[in-house]
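Each chain, written out:
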Amino acid sequence: MDLHLTWFILLGVLLAGYAVLDGFDLGVGALHLFAKGDGERRLMMNAIGPVWDGNEVWLVTGGGALFAAFPDVYATLASGFYLAVFLLLFSLIFRAVSIEFRSKQPSAYWRQIWDVTFAIASILAAFLFGVVIGNLVWGIPLGADKEFRGSTFGLLHPYALLTGLTVVAVCMMHGSIFLTMKTEGKFHHKVRGWVKNSIIFFVIMYGILTVATCLWVPHMVEKFKTFPVLFLIPVVNVLVVANVPWAIYQKRDFLAFLSSCGGIVLLMVLLGVGIFPNLVLSNPHPEFSLSIYNASSSIKTLQTMLIIALIGMPLVLAYTVAIYWIFRGKVKLDGHSY
Amino acid sequence: MDILLLSRLQFALTIMFHYIYPPLSIGLGIIILIMESMYLLSKNPLYHQMTKFWVKVFGLIFVMGVATGVVMEFEFGTNWSTYARYVGDVFGSPLAAEGVFAFFLESGFLAVLLFGWERVSPSMYWLSALLVCFGAHLSAVWIIVANSWMQTPAGYHIVGEGMHQRAEITDFWAMVFNPSSIQRLSHVICAAWITGAFLVLSVSAYYLLKKRQMEFAKVSMKVALLVALVAVIGQWWTGKISAEGVALYQPTKLAAMEGHYTSNTPADFYLFGVVDDKNHQITGPRIRGFISYLMYGDFNAPVKGLESFKKEDRPPVAMTFYSYHLMIITGVLLTVLVAIGFVLWPQGRLFETKWYLTLLVPSVFLPQLANQLGWVTAEVGRQPWIVYGLLRTSEGVSKAVKADVVWTSLIMFTLIYLLLFVLFLFLLDQKIKNGPEGVGHGS
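Top to bottom, those sequences are chains A and B.
With the numbering used here, letter number 118 in the first sequence gets 118, and the count goes up by one each step, no holes.
With the numbering used here, letter number 256 in the second sequence gets 256, and the count goes up by one each step, no holes.
Everything labelled a hint here was simulated from the structure, so no lab data went into it.
Just so it is clear, the structure is predicted and the values come from calculations on it, not from any experiment.
From the three backbone atoms N, C-alpha and C, an ideal C-beta is built for every residue, glycine too.
Please note: incorrect hints may appear among the correct ones.
Stated by the list, open to error - In silico SDA-like cross-links for lysine to any residue, where the CA-CA straight-line distance does not exceed 20 Å:
1) A:LYS300 to B:ILE158
2) A:LYS104 to B:PHE426
3) B:LYS431 to A:LYS300
4) B:LYS222 to B:PHE426
5) B:LYS402 to A:GLY150
6) B:LYS433 to A:TRP110
As the list claims (entries may be wrong) - Which chain B residues stay away from chain A? Per the calculated CB distances, all over 12 Å, these:
7) PHE109
8) SER263
9) VAL274
10) LYS278
11) GLN281
12) TYR296
13) LEU369
14) TYR388
15) LEU423
Stated by the list, open to error - Across the chosen pairs, the derived CB separations fall in these ranges:
16) A:GLN112 to B:LYS211: 35 to 43 Å
17) A:LYS330 to B:PRO45: 23 to 31 Å
18) A:LYS330 to B:SER42: 32 to 40 Å
Whenever a hint applies, use it, and build me the whole structure from the sequences.
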């Protein structure tokens, strides 16, 4: 068994898990200001209230796993993307506290400030995740010493900004679909309008990004030329995403949500296939790229981590499903709510 | 200021601010579990009312811990990337384990505690309290294992040459159970229990003084005092065995903690003192040879002093000495407060002794102070090493980061954390003033 490949996949699982779960939290945040009035905004926050924190843990665990399995990647990216990382962390900090703080005071002024903070923090976080992904796809300047050689400003090139916007679009779509499952009545009707618009937004961004990638990031497309069977992935991806508006039209909200989850997972698979075996592509000087082979920990650590994952993750999945099950159904505001 | 000092300041700031919250979560977690257990056993609704209130307080504290904690997960990489490359093979696994085993558990089941009372059976609710408490304790396990490895590295070997040198793991369990893990973990857990207990004591004393929620406050106070008693006794014991470990494995830290400069002389124990680092002198009341006695059973046994070690291998003495001694003094004060409680309680005067209740209210800050002082002792005392004896702190900083950029992040953290701290205190204060019978959120 190739442990490096195994950990490439496991890391992908952790990050895809994060994208699917916190994706709808960030999406709900991004849509938050479209909700009007105290009631609607409380419904938004309480829709994700019980689960957003557990969802964010996927990122923390992903970071820890990256540190353990591919420490050079963790080190190069965190220090290289320094300001972007801290901006992302500040966004996540404010996303977290705005949910907890918002309804703690009756003042409309207080609540408005936290509503705006929640929205901006969510959008910024989603955008920055996209910028990171865009840079990983495009490649970043690395030296022979594995260190980042570029500037923060240099990370904000058009392709990265495009990816950033696309991730925001994905989150908005995913978040709005999650909300259709959790809302009812007039507000539910309003949310369905958001779903329609966010699907359009997503399809447009996805289309532009795909074309831009094919035109300007040829190395991502190489593998599909060499192994045409891989072309099935984007095809299935498109079908799964197309299922979303169809399921919404049929008012099968849970199926729409599953399709949206599937779409995100397949996007991550596309990303993984495209960059494999590299984790951080060096551009220029691709010979300095960090791969799963030259940037990984020892076999012993990869083995140990595998055991930790094999014991831990099934437990996590089991009780996560249980907790979602406990909080199934439409959001209702009660004495416990935010 | 250079990037090394700035990065050290930033790490100190971010971890010290973060560390206000997890000990409260761990300590409060135990107390909530006890209260909900009492509810399940006695069916007395008072106990569940207590749980409900403390769970809401827990939620506020927990989100602050999460928000500031995510920063820590990545700060090893942002500012200490050379360290991350050097130790990732060893240090990364306990961090990942903390995420997989602890964070998911506490974050997941907290949802049930906060929002799920009407959705689950009382037994399931109790189980959730247990799992949140267990998860919080587990996170302490893994992070202390990781930090202890930095103090007393074990289960590794060094591979590679020069720039590509790194530590690689040889034995996972030897790494986990390195020479200082158990002592330091138990010391941290006891500290956390004290921290949570004193929050409950402080709030309960406040209610009693205001003659509000008397029933609630009395029971809360009794539970908290019992937890505090166990924890304080444990803390002296675990402090002793931790110091013994330091004497054995980190002699420079011990020498700095005790202000022991001259080698081959018995080491004195200073109750407190003023450090004159230039002249290698401490001035203050002391018990001659007491440290020698604690270490070797002989008041005259020679102990290695700071002068035995190369200058570049010695930690900052003043900071280590002062924080260590202030921590102990704070510990004494906490012990006295708990002891007084156990004198008044059997006399039936616990809830009427105004001066005692008045002392308890601000005493919530004492464990916080002790926690921070303890960590300053531990982390400043291990300087100049980031991994004791293996890698210097100065060798661990990120190479791709410039000082001006660290200035930016440092200033941002200072401002943001200041804001969040003020908001946290304001909201906590409001919650306490509203009390257990207070209005719910959002109304």
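Now the hints, each set against the structure:
1. A:LYS300 to B:ILE158: Cα-Cα ~14 Å, so holds.
2. A:LYS104 to B:PHE426: OK: LYS104 (chain A) and PHE426 (chain B) at ~11 Å, within 20 Å.
3. B:LYS431 to A:LYS300: Between LYS431 (chain B) and LYS300 (chain A) the Cα gap is close to 49 Å, so the pair fails against 20 Å, i.e. violated.
4. B:LYS222 to B:PHE426: Violated, at roughly 27 Å.
5. B:LYS402 to A:GLY150: Cα-Cα ~12 Å, so holds.
6. B:LYS433 to A:TRP110: Measuring from Cα to Cα gives roughly 19 Å; hence the hint holds.
7. PHE109: Incorrect as stated: the minimum Cβ-Cβ distance to chain A is 7 Å, not above 12 Å.
8. SER263: Since the minimum Cβ distance to chain A is about 39 Å, SER263 (chain B) lies beyond 12 Å and the statement holds.
9. VAL274: Its Cβ never comes within 12 Å of chain A, the nearest being 39 Å, so this holds.
10. LYS278: 37 Å, holds
11. GLN281: Given a closest Cβ separation of 42 Å, the condition holds.
12. TYR296: Correct as stated: the minimum Cβ-Cβ distance to chain A is 38 Å, above 12 Å.
13. LEU369: Consistent with the label, LEU369 (chain B) stays out of reach of chain A, its closest Cβ about 24 Å off (over 12 Å).
14. TYR388: Nearest chain A Cβ is 20 Å from TYR388 (chain B), so the label holds.
15. LEU423: 6 Å, violated
16. A:GLN112 to B:LYS211: 35 to 43 Å: 38 Å, holds
17. A:LYS330 to B:PRO45: 23 to 31 Å: 29 Å, holds
18. A:LYS330 to B:SER42: 32 to 40 Å: Hint holds: Cβ distance 35 Å, inside 32 to 40 Å.
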